[in-house]
Amino acid sequence: MSQALISVRNLVAKYGERTILNDISVDIMPGEVTVILGGSGCGKTTLLKNILRLQEPFSGSVKFWGDEVLQMDEPSFSGILKRVGMLFQNGALLNSISVYENISIPLELHTKLPEEIRDRIIRVKLSLVRLAEAIYKYPSELSGGMKKRAALARALALDPEILFCDEPSAGLDPLTSAALDELILDLRKQLKMTIVIVTHELASIHRIADRIIFLDGGKMLFNGTLEAALKAGIPEIDTFFRVGRF
Amino acid sequence: MRWEYRGNTLILGGGLTYRTIPAAYHSVFQSLKRHKPSEIDLGEVETIDSAGVAFLDEIHTRLASKGILLFKGARPEVQAVIDTFSSIKLPVPIPQRSMGWFEKLGDDALNAGQNIYQCLLLASEIYYFSLVGLISRKGQRKGSFVQQAVLLGSQALPIVALLSFIIGFILSLQSAVQLKNFGANVFIADLLAVTMVREMGPMMTAIIVAGRSGSAIASEIATMQVTEEIDALRMMALNPIRYVVVPKFHAISLVMPLLVAFSILVGEIGGGLIAIGYLDVSLPTFVQRSIEITTLKDLVVSFGKSTVFAWTIVIIGSFFGFQVKGGAEGVGKATTASVVASIFAVIVLDAIFSLLYL
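Just so you know, the protein sequences line up as chains A and B, in that order.
If you read the first sequence in the working numbering, its first letter stands for residue 1, the second for the next number, and so on.
If you read the second sequence in the working numbering, its first letter stands for residue 247, the second for the next number, and so on.
No lab work stands behind these hints: they were computed from the structure.
Treat each hint with caution, since some may be false.
[Unchecked claim] Only pairs whose alpha carbons sit at most 35 Å apart, straight line, appear in this in silico DSBU-like list of lysine-lysine:
| # | chain 1 | residue 1 | chain 2 | residue 2 |
| --- | --- | --- | --- | --- |
| 1 | A | K112 | B | K318 |
| 2 | B | K571 | A | K82 |
| 3 | A | K137 | B | K543 |
| 4 | A | K112 | B | K335 |
| 5 | A | K219 | A | K112 |
| 6 | B | K318 | A | K192 |
| 7 | A | K112 | B | K543 |
| 8 | A | K82 | B | K350 |
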């Protein structure tokens, strides 16, 4: 069995006195699409942010490629982050610069690639997310779905080994959402990318999930394949899939 | 990354990735000029990513026009990555043309005209609904007037007091040396009273209010605009100007003259310290001369223009708030533009008042 790419152990996250994540232990395996599921406010986004140190966990351990990152110094952790891409819930594009420049930032600052190569990479990444026509537009000129796709192109700029996506399909039409799922499957297959997704879209989950992690009230109720989840007989999961179908 | 030539074939091998391309890029292209290969063998390429594919595309674009160029022998997994990330068939986007100098000048002039028209239109609506609001409170939340009066007035007291005290103090200090030379110590009271009442009190308070409250008004309305709260008010059949702007307009109309009066008083105290402590003017003399020199006209003009300044600040803040475009970036721009325009307008209006009421 291959070694986990990300290993989370006994993670506890709190906002003040309120416990958001309670003793979460998860392994993210290489080349898999892991979907984090659960109702609103169950701590899905908090889990992503704690893994990526965007929020400080109360206690626990997070390892990337076997290295503990919670106590890691900034330069070492930057080295980890260069191998990781993150698509935020609302895109989080830099508003003062164009879509082209947004995608260009990681390429300019983290590689020594010549401009013509960077230019090609930017055009390809935008084409992959079906946004080639918006290359010189500013984020304020884009719709919510377009912003999200541009942000995905930025997250993919450096061909990350791990891609985190916080609700990538929300706000997208079904065709674009399906195309996004295809892209995720392509990235996994061709670049052997490991993908961690927070989503509510049942159609997407059925299409792409190799493994699901189900959270409820800050606790992990299930961690395994979709088929196993559906057969596990856990009422919360059964309700989630039954209600979500309508 | 490895490369070598066998006859007319360039053989690439190893990894074509973000890490390897920068080091090899220029040497490979230099060698291409000399060897002019007709085909490229990718059979020995083990790993490739989007930087590697872009590198192959760049070779293709530069050499294909000079003769037939063939890529061959790629392993299936490498070929799959090439197919996904190839930019060969993508259209090259045309950058947006930037405006010429005259075109930009004309565009700016048109925009300025349009903005002034829109601002006057908004001002007319604000005045209309403010007058209506005096008679009927319909469309406004209970307590909004008091809340705004506290926000725009009471909370500005400390900063107005501090700055007015310092201005009165400096003004007296600078004048005191000159007055002492001529033995005209007692005139410090006249000088300070005239300056604080006619100019410094109203103008400095207006500048502080423009920076503090004008920016708050612009950013509040701009945020409401970008988060669709203004649209939500409209959909609840509420007029946004009446709901959001009118309480501010009423509140600032009341608190601005009070702030100016407070500013004049504190400025007089600051200046009085120099008069009494440095120029040996007695307190009763200082107070008496200050009152004597101040005419009713001075006070009417001072409070009148401070009210006009207040209205201008609210109108400009609201205008930039409602005009906001984009997200958080737009809010920041609207706030900055509002403060700059408000201070500019206050100074210009003050100059007009000075010319009209010398």
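Verification of the hints:
1. Taking the CA atoms of K112 (chain A) and K318 (chain B), the gap is about 28 Å. The hint holds against a cut of 35 Å.
2. With a C-alpha separation of about 33 Å, the suggested pair K571 (chain B) and K82 (chain A) falls inside the 35 Å cut-off, and the hint holds.
3. With a C-alpha separation of about 57 Å, the suggested pair K137 (chain A) and K543 (chain B) falls outside the 35 Å cut-off, and the hint is violated.
4. Distance restraint check for K112 (chain A) and K335 (chain B): the Cα-Cα separation of roughly 25 Å lies within the 35 Å cut-off, and the hinted pair is therefore satisfied.
5. The suggested pairing of K219 (chain A) with K112 (chain A) is violated, with an alpha-carbon distance near 44 Å, which exceeds 35 Å.
6. Our distance criterion of 35 Å between C-alpha atoms is met by K318 (chain B) and K192 (chain A), whose separation comes to about 23 Å.
7. Our distance criterion of 35 Å between C-alpha atoms is broken by K112 (chain A) and K543 (chain B), whose separation comes to about 71 Å.
8. Using a Cα cut-off of 35 Å, the hinted pair K82 (chain A) and K350 (chain B) is violated, with the two alpha carbons roughly 41 Å apart.
In this structure, the earlier hints numbered 3, 5, 7 and 8 are contradicted, and the remaining ones agree with it.
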